[in-house]
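J.: Sequence:
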Amino acid sequence: MIVGLDVGTSKVVCLVGEMMADGRLEIVGIGSHAAKGMKRGAVINIESTVQSIQRAVEEAELMAGCNIHSVYVSVAGSHIRSLNSHGIVAVKDGEVQEADIERVIDAAQAVPIPSDQRVLHILPQEYSIDSQEGIKDPSGMSGVRLEANVHLISGAANAVMNIEKCIKRCGLGVDGVILSQLASSHSSLSDDEKELGVCLVDIGAGTADMAVWIDGSIHHTSVVPVAGDQVTNDISMALRTPTQHAESIKIQYACALSSLAGADQNIEVPSVGDRQSRSISRHALAEVVEARYEEIFSLVLDELRRSGYAERIPAGIVVTGGTSLMEGATELAERVFDMPVRMSVPVSVKGMSDIVDNPIFSTGVGLIMYGVDESDLGMAQQHASSLKVEESRQSVVTESTAEVANKIWRNMKSWVKSNF
1 MIVGLDVGTS KVVCLVGEMM ADGRLEIVGI GSHAAKGMKR GAVINIESTV
51 QSIQRAVEEA ELMAGCNIHS VYVSVAGSHI RSLNSHGIVA VKDGEVQEAD
101 IERVIDAAQA VPIPSDQRVL HILPQEYSID SQEGIKDPSG MSGVRLEANV
151 HLISGAANAV MNIEKCIKRC GLGVDGVILS QLASSHSSLS DDEKELGVCL
201 VDIGAGTADM AVWIDGSIHH TSVVPVAGDQ VTNDISMALR TPTQHAESIK
251 IQYACALSSL AGADQNIEVP SVGDRQSRSI SRHALAEVVE ARYEEIFSLV
301 LDELRRSGYA ERIPAGIVVT GGTSLMEGAT ELAERVFDMP VRMSVPVSVK
351 GMSDIVDNPI FSTGVGLIMY GVDESDLGMA QQHASSLKVE ESRQSVVTES
401 TAEVANKIWR NMKSWVKSNF
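In the numbering used here, the protein residues as written are 1 to 420.
If you are wondering where the hints come from, they were derived from the structure by calculation, not from laboratory data. Take these hints with a grain of salt, some might be off.
Claimed, not checked - Straight-line alpha carbon distances no greater than 20 Å define the calculated SDA-like cross-link-like pairs of lysine to any residue that follow:
hint: 1; residue 1: K11; residue 2: D357
hint: 2; residue 1: K194; residue 2: H245
hint: 3; residue 1: K165; residue 2: Q51
hint: 4; residue 1: K194; residue 2: M343
Remember, it's a predicted structure, so these values are computed and weren't measured experimentally.
Sequences and hints are given; from them, build the entire structure.
T.: Right, dumping it as structure tokens:
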């Protein structure tokens with residue numbers, strides 16, 4: 001069992017999954033609870049966050065019929081920083097070994113990082129040996145000079161520690177802290193899109209998280225601090241209604257493209273205090289929502305252009321996350337980005353697919369997939385170690401058998417000599 005814990009701004013989602021023999025992921029437990037101690041991906045109230053995590057984990061345990069001991073947790077927020085770095089080392093024995101790869105990655109991450117930042121991921125993009133570029137796995141190749149391009153992702157140390165502290169106060173261990181959009185990429189993007197060039201935009205309640213993939217590796221990550229909560233606030237202010245009613249209206253009636261909303265459709269809007277509720281047209285509501293969605297997509301486009309990768313993503317944009325579910329969001333995004341846009345749900349998932357096939361669960365499912373990759377590596381290492389142990393046991397058994405045979409032969413010879 002591998003557990004993914006998506007601690008978001010509006011909700012905490014806990015998913016329990018296991019990898020089946022056919023290579024597909026089966027979800028066996030789901031727990032979800034409103035997050036009341038988070039703001040834009042950061043913990044602002046430890047007690048409230050601990051309670052939300054406990055409720056979500058208990059629900060998942062009850063459904064999966066197991067006890068959860070440790071989790072892979074997501075992290076997001078405006079404190080996330082990223083950069084591309086380059087390292088170069090000499091190959092020691094003329095053939096690239098694992099030690100050489102470790103040294104060149106160490107050289108690539110030897111860049112000044114603020115003391116209040118903590119490195120979360122060191123993601124190799126490609127290697128070069130002498131003048132040969134574009135190498136994905138240099139192990140065993142001959143050469144003199146080994147170079148590596150890597151993508152470094154860091155987050156505010158205090159923000160990451162606060163999330164870990166909340167999880168540990170729930171009596172759980174932390175298997176890994178994973179960047180939210182990196183996890184979502186595992187569940188939402190196809191290998192073809194990653195190779196061709198694509199930008200994932202995970203739009204949650206507090207932030208819109210970006211990840212640019214080119215040639216099968218991640219080249220740029222960024223966070224836009226405007227997302228679904230701002231849409232709710234706009235509705236609340238424009239319609240003069242309490243936030244909880246604005247959220248309900250957003251989910252039931254809002255549309256991100258005003259041309260899709262009919263002017264003859266009316267919505268009952270609760271007022272503040274004891275005032276009478278009012279009726280407004282769905283088209284007027286859509287105009288408020290469209291302006292904010294257009295701003296979100298425009299900020300993502302500005303960041304994409306600033307990164308220099310806007311012309312290198314022929315596969316276009318993939319949107320996911322709860323806020324991407326809005327009617328008309330994909331059509332508006334195509335108009336803003338002027339490139340193909342699709343909404344993604346988790347792929348290669350079985351078990352509770354009617355529930356999990358939803359952009360809301362992209363990060364949670366991606367965390368489990370990330371954990372499966374990590375555990376597969378560990379299992380491979382354990383398997384290799386067990387093979388070595390088994391080989392040594394067999395050699396010991398062989399030696400012991402030979403010694404016993406020799407002893408029996410010597411005893412037989414001495415018996416023959418003494419009796420004949």
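J.: Check each numbered hint against the structure and report the violated ones by number, ascending.
T.: 2
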